[in-house]
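J.: Once you've looked at the hints, dock chains B, C and D against the given chain A.
Residue-level listing of the chains:
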Amino acid sequence: MYRSKKHRLGVAAVGLSAVLTLAACSSGDSEDTAATAEATEEVVVEESATEDTTQEEAEAAEETCVLPPGDIKVVSIDSMTGPAAFAGILAEKGADLALKEINASGVLGDGVTMSIELLDDATSPDEAAAQFSKAAKDPDVPVIMGGVISSGAVVTSPIAEKEKVAVVYTQAGSPGVVIGDYTFRYTPPMDSYWGGVGSYIEEKGIKTMSVLYANDNPTLIATAETALPALAADLGFEILSSTGLPNSTQDFKAPISKILKEDPDAVAVLMVGAQNATVVSQMRESGWEAPKELLGFAGIENNFADIGEAAKGVTWASIFHVDSPAQSTQAFVDAVAAEYDGEEASNYTAERYDATYLVANSILAACSTDRQAVRDAMADLTNGSITGALGDVTFENQDARVAGFVVQWDGEKMVVLK
Amino acid sequence: MLEVTDLVVRYGPVQAVSDMRLTATPGQITLVLGANGAGKTTTLRTICGLQRAVSGSVTLNGQNILGLSPSRIVRLGVAMVPEGRRVFAPLTVEDNLRLGGYTASRQDNDRTMAEVYEMFPILHERRSGVSGLLSGGEQQMLAFGRALMSQAETILMDEPSMGLAPAIVDSVLESARGIADSGKAVLMVEQNAEAGLEIANDVVVVSRGEVVYQGSAEGARKNPELVRAFLGDAALTDD
Amino acid sequence: MVQDLLNATTLASIYVLFALGMSLVWGTIGILNFAHGSIFMFSAFIAYLVVQQIPLGMPAVIAIAMVSGALIAVAMQYLVFQPIMKKAKNPHAGELQLVIGGIGLSAIPISFAQRSTLSNPFGFSAGTFETQAYTIGGVIITNVMIIILIVGLGLGVGTALWIRNSKKGLALRALGVDPEVSAMMGIDRPKLALATMLYSGALAGLAGALLTYYFNSITSESGDTLLLKAFAIIILGGVGSIFGVILGSFILAFAEFAVLLYTNGSWVTAVSFGLLFLILLIRPQGILGKKEVRRT
Amino acid sequence: MMGWIDQNEFLIGSTLTVFLLAISIQIPLRLGVISFASIGYYAIGGYGTAILMTQYDVSTWTSVVVASMAAAVVATLLGLIISRLNGLYLAMATVSFSLLLSAIAVNGGSVTGGAVGLFGVIGDITIWHTAGIAVVIIFLVSFTERGKLSRRIDATREDSQLASAMGINVTAYRRLSFPISGLIGGLAGALAVNLKTAINPESVNFTLVVLALTIIIIGGQASWIGALAGSLFFVWLPEILVFVGEWEEVVYGTLVVFAAVLVPGGVVGVFNDWRHRRSVARERPKVALLEAAAGESDAELTQSRSGKDG
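Chains as they are written, first to last, in the numbering used here: chain A, 1 to 418; chain B, 1 to 239; chain C, 1 to 296; chain D, 1 to 310.
Mixed in with the good hints there might be a few duds.
[As the list claims (entries may be wrong)] Pairwise CB distance ranges, derived in the manner of DEER restraints: (1) PHE143(D) - ARG283(C): 33 to 41 Å; (2) SER116(C) - ASP140(A): 34 to 42 Å; (3) ALA172(D) - GLY183(B): 50 to 58 Å; (4) GLU343(A) - THR263(C): 41 to 49 Å; (5) LEU237(D) - ASP140(A): 20 to 28 Å; (6) ARG146(D) - LYS162(A): 38 to 46 Å.
[Said to hold, decoys possible] Which residues of chain C face chain B? A few of them, derived with a C-beta cut under 7 Å, are: (7) ASP4; (8) LEU170; (9) ALA174; (10) VAL177; (11) ASP178; (12) ALA183; (13) MET184; (14) MET185; (15) GLY186; (16) ILE187; (17) LEU192.
Rather than coming from a laboratory, the hints here were simulated on the basis of the structure. Even glycine gets a Cβ: it sits at the ideal position worked out from N, Cα and C.
With the rest of the complex left out, here is chain A (with noise of 0.2 Å):
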């Protein structure tokens, strides 16, 4: 049913981002996706291969699958305020962005506009909660979009089991959110790719490691207690202490001259917001220098502004960068710079456009806004690569995986080292 509308898609994404086209054509198979690789350099062949994979079937659905004319309404939940609120706020560009250009291009059909609800939680579970079962009891809402925090997450993703509707997360990186069958997520959990900088430790020749993580946030801590001891087995260096701090914690000075003592070649800072900075800087104070390695994780560029120099040298593994070579990512980083002013594409703006364009996709793929369809076609969706913002992104039981970049601080911005 979903292959049925490929070629309107197709059609539609011409004058588009690559993104739209590139979602709805890979279905799985390689074929598919180099064929439209090679599309987004040139806009004829683009076209033309898609015709040529899938013609008569999409000739054939073309007639069949018309979206009654109106607007699709779907919500959106995420923190707009709160301490979460940087990541919601830069979400929320984009898909504000993915939405201005899916209705811009009337690929949806005469007269069918989507628009999105956007419900703040204000960072507080309970608020995502009560305007997510509200939602989800809405029969006119298609398909929800989650918001960035993981402890709303959990409470939120039971619902949407209950009432059968489909929702995609960004963020939310705990375990317990993607749980069934109307669960996906956008956002892979970073210890799903913080392997990535296994080959810059080996390169560098890292044989001990300290790490210093936040043990009450579940993100990092699944980052600190089983991604790191799975990297060290494989590639045979040696955790010497892993310290779990709570997030009250603002002095660092006692956690670093223990590891200090320890002398490791590298440490990994898996703080959150501000402890980074400082945990950074006291290092640095500490006389912690090159050759001595200091490991982050995705975001933690947010926290260097302040403290810039002393974070040089910094490295770690990012599912999102705006010098990431593949088309589709420098598509996406210059309609964020149009769209926003020269603004600098940031991950949770990548997630969020994907998201909004998988959800946009799903609609068109199901030709229906009847839930369970949607949640079908998002399924068959999510079940070959996609490519976007973020590249190309499987899906492993509803949620994401991507290869990431090694990336480093330079001591004003961070740069892909490999």
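T.: Same frame as chain A, now just chains B, C and D:
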């Protein structure tokens, strides 16, 4: 001279004091008698600015002091020895006295403190001790001394004998007499009518917030039945 | 070892700076100020906003933070705490009312700062001050640490001595014991309360600026973390005792340090609450507190 | 109507569980005990239920009952060991008790699920069950707000010495408030975890202490109606404030400040004051007598007592 005329005080809808009239004259003790809840403490609290009045006037040497802040009233010369003494228990005896002299000059403080120590040698003995550890009688002396430190000419005393052993009551009230004799005007509220009348010059009996008897203490002493009648009447409302 | 002791002492000095004003206000004029952390954060935030425009040195940044803190605290006292105290039917009801007022107040600056920074960390990197590290006999000390040690311990001891020996200090102690009798002594409570709040606010501002220098950056929520620790410190030392604040700060800082050094660290939050709970069971008036202190 | 209830099930459920938590704090508060241990009881009830249901496959209702009872037992013990304290010292001790439990939750490994907490607590408690429990508790609590018992409770709070003199066993009353508070607090947590299907350390931290406190003070300390009004207000406030968008927190803070300054008795207190004034006006002569009897330094007490007598 302190004059209270037609004073009315309310707690919300409850009238605690109505049409209170009192005078305190230098060198004299004016004793206010009355049952629990008759409005005596409220009157004293109103005079020193801790309680707001509805109407009436309180003047000190002709100047109105009603409605002024407590700290302003102390500066004008009215000091209070509160019910239950209320010394600053964790502070030393000397600190308590220094607080009494908070509004006075350093010279006045030095001089008065010497006088207080002379009057109550036990305070001098225990001047660096924590005042909370003093006995009840000693604390009462400290409260007197503290009030004297302010250089106030009018001193209000709220139940100075309360909770004290009978043996000490006399000596405490003797001290109060001494204070009046030194030229201060003393306005004293007492439950112990008999002991109070021994040292007072004038007596005022209040019941349910109103003055029911006013006259010389001597007269009252000579005619104890009279006072007892009023007190008895007032005491009845206790049940 | 020497390094660890020095680091722990620096942390203790930070705690002193933060808890000093809070303890003073609680122990004397009876306000348990839940907005203290907010004042701390927002003063640093205002200094940050100014530094973003004009690159200033440390003295100017500290001055801005202190003035901001003092003004915010005075405004809070004048607009909220004083009216509550005036209206309170009894001290017990007033106490809770003040706590609630502080909670409401604290939400406002935090929300403003969150909006403005999107909860990202902020610091004074746009200013001209540079952190320098010196190595003396194998021990590393930074110029910020030296300033914190001197200012924190100096102000702590200085304030304690002032409270103990000056006339106004005596008046403040009296207010802490019995506000009503203090008024009978001629102590002008509202005026003294305003002055105390001003001092406490300035201290919060000072702590905010110095901590931002020390940690390099703080966030809108940083004040709340310290608030809970300050409760522990104040009760540990004894409400109303300034030397108690110093003692409490050292105990907490060294206890936390020990936990972080000798365990895997995850129980460090429990240290402050555990100590607080324990001390309340054994010696509720605090280590240096006097039993008779009325304010409960 | 049913549609509306269905749509707002979560908010209604939250209101009810927050209300139970508020009642759990209010009961000791009415006796003059400022205790925030209820957050800890809530944690015990919530985690206990979640652990029993997800790790031991115990049935929903058994889990709820066992976890609430456990909270009551812990509360009783706590009441015994902190009986020496009062005022803000007691408040602080109970805050640290609650936050210690939260630290245990973080460090509890697989039993408590650490920072992630426990999720997938899917039982068979509906909104109607929760509402039913709330009504029963209101019914029981309202008994303590009438007649002789109410006066004894008021006296214990306003002047414990006077209350003792009147023959009220103040210590016993205060001590008894702990298990009751514990049971209701534990129940609140147990029902909340069934509503939310998840619990984590974040949901039992200092923020909840602050929320509970504001609810009681803003709503009113004296009656369950105050707790209900406060719960309604704070749970629904974000819904109401949607139009102010990003300034929600500022508006919230300002409202709390205004309430603290202008309406010390809470929203319900304002209403009671008004009612009270009317009844007092009618009972003037009686009031004067009572006032004289009670002693002027206790005028406040007299006032409230006489109001209820009339």
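J.: Out of the numbered hints, which ones does the structure contradict?
T.: 7 and 17
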